[in-house]
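Visitor: Read off the chains here:
Protein chains: 4
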Amino acid sequence: MRILVSNDDGYHSEGIHVLADALETLGEVWVVAPDRENSAVSHALTLHRPLRLTRLSERRYAVDGTPTDCVTLGICQVMKEHPPDLVVSGINFGANMGDDVHYSGTVSAAFEAAIMGIPAIAVSQVLGEHFSFVPAGRVARHLAALVLERGLPKGTLLNVNVPPRPPKGLRFTRLGKRRYTEGVVEDTDPRGRVCYWIGGGDPVWEPLPGSDFLAVAEGYTSVTPLQLDMTHEGLLLSLLQDAASWDLPA
Amino acid sequence: MRILVSNDDGYHSEGIHVLADALETLGEVWVVAPDRENSAVSHALTLHRPLRLTRLSERRYAVDGTPTDCVTLGICQVMKEHPPDLVVSGINFGANMGDDVHYSGTVSAAFEAAIMGIPAIAVSQVLGEHFSFVPAGRVARHLAALVLERGLPKGTLLNVNVPPRPPKGLRFTRLGKRRYTEGVVEDTDPRGRVCYWIGGGDPVWEPLPGSDFLAVAEGYTSVTPLQLDMTHEGLLLSLLQDAASWDLPA
Amino acid sequence: MRILVSNDDGYHSEGIHVLADALETLGEVWVVAPDRENSAVSHALTLHRPLRLTRLSERRYAVDGTPTDCVTLGICQVMKEHPPDLVVSGINFGANMGDDVHYSGTVSAAFEAAIMGIPAIAVSQVLGEHFSFVPAGRVARHLAALVLERGLPKGTLLNVNVPPRPPKGLRFTRLGKRRYTEGVVEDTDPRGRVCYWIGGGDPVWEPLPGSDFLAVAEGYTSVTPLQLDMTHEGLLLSLLQDAASWDLPA
Amino acid sequence: MRILVSNDDGYHSEGIHVLADALETLGEVWVVAPDRENSAVSHALTLHRPLRLTRLSERRYAVDGTPTDCVTLGICQVMKEHPPDLVVSGINFGANMGDDVHYSGTVSAAFEAAIMGIPAIAVSQVLGEHFSFVPAGRVARHLAALVLERGLPKGTLLNVNVPPRPPKGLRFTRLGKRRYTEGVVEDTDPRGRVCYWIGGGDPVWEPLPGSDFLAVAEGYTSVTPLQLDMTHEGLLLSLLQDAASWDLPA
Numbered sequence: 086m087r088i089l090v091s092n093d094d095g096y097h098s099e100g101i102h103v104l105a106d107a108l109e110t111l112g113e114v115w116v117v118a119p120d121r122e123n124s125a126v127s128h129a130l131t132l133h134r135p136l137r138l139t140r141l142s143e144r145r146y147a148v149d150g151t152p153t154d155c156v157t158l159g160i161c162q163v164m165k166e167h168p169p170d171l172v173v174s175g176i177n178f179g180a181n182m183g184d185d186v187h188y189s190g191t192v193s194a195a196f197e198a199a200i201m202g203i204p205a206i207a208v209s210q211v212l213g214e215h216f217s218f219v220p221a222g223r224v225a226r227h228l229a230a231l232v233l234e235r236g237l238p239k240g241t242l243l244n245v246n247v248p249p250r251p252p253k254g255l256r257f258t259r260l261g262k263r264r265y266t267e268g269v270v271e272d273t274d275p276r277g278r279v280c281y282w283i284g285g286g287d288p289v290w291e292p293l294p295g296s297d298f299l300a301v302a303e304g305y306t307s308v309t310p311l312q313l314d315m316t317h318e319g320l321l322l323s324l325l326q327d328a329a330s331w332d333l334p335a
Numbered sequence: 086m087r088i089l090v091s092n093d094d095g096y097h098s099e100g101i102h103v104l105a106d107a108l109e110t111l112g113e114v115w116v117v118a119p120d121r122e123n124s125a126v127s128h129a130l131t132l133h134r135p136l137r138l139t140r141l142s143e144r145r146y147a148v149d150g151t152p153t154d155c156v157t158l159g160i161c162q163v164m165k166e167h168p169p170d171l172v173v174s175g176i177n178f179g180a181n182m183g184d185d186v187h188y189s190g191t192v193s194a195a196f197e198a199a200i201m202g203i204p205a206i207a208v209s210q211v212l213g214e215h216f217s218f219v220p221a222g223r224v225a226r227h228l229a230a231l232v233l234e235r236g237l238p239k240g241t242l243l244n245v246n247v248p249p250r251p252p253k254g255l256r257f258t259r260l261g262k263r264r265y266t267e268g269v270v271e272d273t274d275p276r277g278r279v280c281y282w283i284g285g286g287d288p289v290w291e292p293l294p295g296s297d298f299l300a301v302a303e304g305y306t307s308v309t310p311l312q313l314d315m316t317h318e319g320l321l322l323s324l325l326q327d328a329a330s331w332d333l334p335a
Numbered sequence: 086m087r088i089l090v091s092n093d094d095g096y097h098s099e100g101i102h103v104l105a106d107a108l109e110t111l112g113e114v115w116v117v118a119p120d121r122e123n124s125a126v127s128h129a130l131t132l133h134r135p136l137r138l139t140r141l142s143e144r145r146y147a148v149d150g151t152p153t154d155c156v157t158l159g160i161c162q163v164m165k166e167h168p169p170d171l172v173v174s175g176i177n178f179g180a181n182m183g184d185d186v187h188y189s190g191t192v193s194a195a196f197e198a199a200i201m202g203i204p205a206i207a208v209s210q211v212l213g214e215h216f217s218f219v220p221a222g223r224v225a226r227h228l229a230a231l232v233l234e235r236g237l238p239k240g241t242l243l244n245v246n247v248p249p250r251p252p253k254g255l256r257f258t259r260l261g262k263r264r265y266t267e268g269v270v271e272d273t274d275p276r277g278r279v280c281y282w283i284g285g286g287d288p289v290w291e292p293l294p295g296s297d298f299l300a301v302a303e304g305y306t307s308v309t310p311l312q313l314d315m316t317h318e319g320l321l322l323s324l325l326q327d328a329a330s331w332d333l334p335a
Numbered sequence: 086m087r088i089l090v091s092n093d094d095g096y097h098s099e100g101i102h103v104l105a106d107a108l109e110t111l112g113e114v115w116v117v118a119p120d121r122e123n124s125a126v127s128h129a130l131t132l133h134r135p136l137r138l139t140r141l142s143e144r145r146y147a148v149d150g151t152p153t154d155c156v157t158l159g160i161c162q163v164m165k166e167h168p169p170d171l172v173v174s175g176i177n178f179g180a181n182m183g184d185d186v187h188y189s190g191t192v193s194a195a196f197e198a199a200i201m202g203i204p205a206i207a208v209s210q211v212l213g214e215h216f217s218f219v220p221a222g223r224v225a226r227h228l229a230a231l232v233l234e235r236g237l238p239k240g241t242l243l244n245v246n247v248p249p250r251p252p253k254g255l256r257f258t259r260l261g262k263r264r265y266t267e268g269v270v271e272d273t274d275p276r277g278r279v280c281y282w283i284g285g286g287d288p289v290w291e292p293l294p295g296s297d298f299l300a301v302a303e304g305y306t307s308v309t310p311l312q313l314d315m316t317h318e319g320l321l322l323s324l325l326q327d328a329a330s331w332d333l334p335a
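Residue numbers (this note's numbering), protein chains in the order written: chain Z, 86 to 335; chain Y, 86 to 335; chain A, 86 to 335; chain W, 86 to 335.
Possibly wrong hints are sitting among the right ones.
Note: identical chains are not told apart, hence a pair may lie in one copy or across any two.
What the hints assert, rightly or not - Taking lysine to any residue and the SDA-like style, the derived pairs with C-alpha atoms no more than 25 Å apart in a straight line are:
1) 253 with 161
2) 262 with 321
3) 165 with 302
4) 262 with 280
5) 253 with 233
6) 239 with 321
Derived by calculation from the structure, the hints in this document are not laboratory data.
Just chain Z, with the same shape it has in the complex:
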């Protein structure tokens, strides 16, 4: 078995080393990761400039690009003779739950694998006092072994969030909802010019039954199956039924 590991915290982060080590017993692990932190670059692809790929040691590479760039270069260049059987992204330093998966480079790396038809898992460590990456490494290996054995439906991936304290077990969940809170903080630089930071206050979650947020809050690891296809089937149906009323006059 061949496993490609990437992340968005960068090659030198602790989480990716714990992850790569944890997966070693399952097969040959290749790491292709950004050369620096890339948090919240989401599914960015670097198209306007070429990328540099640096071989650091055997099966270990750094890229001056995004997580999505890394998975693309990993599959199409580094491992092109024998593509990976599984892509695992993480362990992210911090949660990737609910609506916030849209911003996540860790989840996007897994989506890129799904676009290329390869099963994928994204693993994130929710922060809290005295957390350690070790339990998340164990969870990742457990789920990776099962996915390698059973596969995943085409166009899907597993999004995993591990609670700060050793998890009580797994829960299959849906994405939670974040309540909108104050999103912009005004600041002044030392030269007196106004500037704005995105995202002040802590996110507030709605305690929806079955959500990833609730599972983690209750001490469980959340495993949320995600789909590549974002078509809203229900709305599509109702639009089709009412199509005439949307017509654009010639």
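Given the coordinates of chain Z, assemble chains Y, A and W onto it according to the supplied hints.
Guide: Relative to the frame of chain Z, chains Y, A and W by itself:
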């Protein structure tokens, strides 16, 4: 009515001016857009540094950030006294269909509005010989008027792609599938160092019935309803039914 | 006569437009400037990625790079059939005097021209209440006309700083000295992480006779001749005289 | 003795480790270096955003900024209780000679120290077959010991280039001259858009007696004293003598 317009091609692109002009008859149009091209930054949020907001003229602003930054600053800062009734993103220079919506800054700007509970439309112009933005502007105004009147379900948006020649009409569609083609091109810089460009060859689409790609290929404007929530309900159900077999031994 | 104009505040800044207009009476003016603000990039050359050159209108170009990139592309690509007779950089929004010329993109653009053997002038507008770029434009045209007529010694350029109020006249000066003041300001981002801004407090200048700073403080435009060659001749002589005492044992 | 070490190839480059190890016998070595390669950023200062300072281990720090940022943070923040007695920058991967010192981040780091009144040395390894950083480390320690003992005149620094083969000895030199060669290479990205790389062809040097280039070509280490003050005294004198003819009519 108050409409916030943004894009990912940047404030100085032609598409955003055509769009802002087309929407003027529907209400007060505010533009908050990146100060340069941001293609394929996807849903990136700038969290590691503060943003600069430059007022260019009445209700026109540039931001040194991403499309998602622009929508956030637009709603939470520029228009904070009276948030917009609608967010329209575009007109993008080039298609945003199928799996590629994951990479799209134009679509992400609309998703950011949806996260904040505001109806949103993303508009893209498929390229081709002798195309013009004018028909796309007309389509955008038509759909914007209907969405302002009828609303959209929470957590959804409309993703619109306008064909290169004047469209024959609208079609409600689902996201198409792109077939995987050669993704990385090796290059050598003038100093002899190897580097890699993401994405050579033209994308090849599977001609799925009902897809955005097919509608556009047949000369129609595609309108695809998208959802914020990427949970795969079917896979979630089957995982829940089989949960015991996924258990992690303590 | 052919004149190449560039700057580091970017194509859309006011200063470069005043400068280009002021020089129109002297010859054919070409503008190749960064597509966004590049302050304090100094003499950076973009070597790790290729540059995009966008033609905006006749003899007007934007580059996604630094001032030095712009001068290089301007001379070697845009104007390669007939290189310019003069390069003028500015009008910078803010002073470039004393030690600070080392940080200045405006001055570096002029140095790049000097490296390529073309006479060059860097023009900066010192800020102050009610300043206007108009007098600086007039000064630039006056000096440009004289340099086009008389030339400059190889490897030199003129660094011009115009005071905030209409100047009383020109003074030829040397670079002043800035007294070291507190250089780093600690800040905390909204997520509680510490970060550091370079450069708090206002610079304090030593009131050296003959310095650029003093000329501007007294209401004159300072014109400082700069040289490309930074060899310290005096120190070189004394090192050579004492060379034996520096020998490295084999 | 306290020594601050920085560079522009980044914290993870080999040259800075060889340098820091070589200087350990002379005093307490502190390293504050960029978290990634910064070649050719020259004397850039990061003013538009705050910087992150990461402590990697005892007296070892990485900064998400330029070499000049690193020296500023090193002196004003990291070592602010007891500023360094000497700043050494390098060992750069590649030469920094002649006019090219204007582009060099390695030399700029040393200039920043000079601006702050601290003696500084910039060390670069000229590339060639079978080169090693070890001789350059030895040269750096030798010169650092002498500069710590004897000091350097205010506003000066030593720019050192070590040849690819073990050096025959030291030579005190002046900056050489590069002959202008073809500077821009046109390229086409995989999507067919034209772009431009700065700097094709190898630089060609004029074989000036006493130049750094000649010393290195003949197998010696070149040591060039540089000055912060770029005023051209000779031109200033002749301009002053002829000042009336430059007058700007009111």
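Visitor: All hints, please: hold or fail.
Guide: Checked hints:
For the identical chains of this complex, residue 253 and residue 161 are neighbours neither inside a copy (39 Å) nor across copies (39 Å), given an alpha-carbon limit of 25 Å. Taking the closest pair of Cα atoms, residue 262 and residue 321 come within 25 Å of each other both inside a single copy (22 Å) and across two copies (17 Å). For the identical chains of this complex, residue 165 and residue 302 are neighbours neither inside a copy (41 Å) nor across copies (32 Å), given an alpha-carbon limit of 25 Å. For a Cα distance limit of 25 Å, the shortest separation of residue 262 from residue 280 qualifies neither inside one copy, at 29 Å, nor across copies, at 31 Å.
Proximity of residue 253 and residue 233 under a CA criterion of 25 Å is satisfied intra-copy only: 24 Å inside one chain copy versus 47 Å between copies. Within a single copy, residue 239 and residue 321 get their C-alpha atoms as close as 22 Å, and across copies as close as 14 Å, so both meet the 25 Å cut-off.
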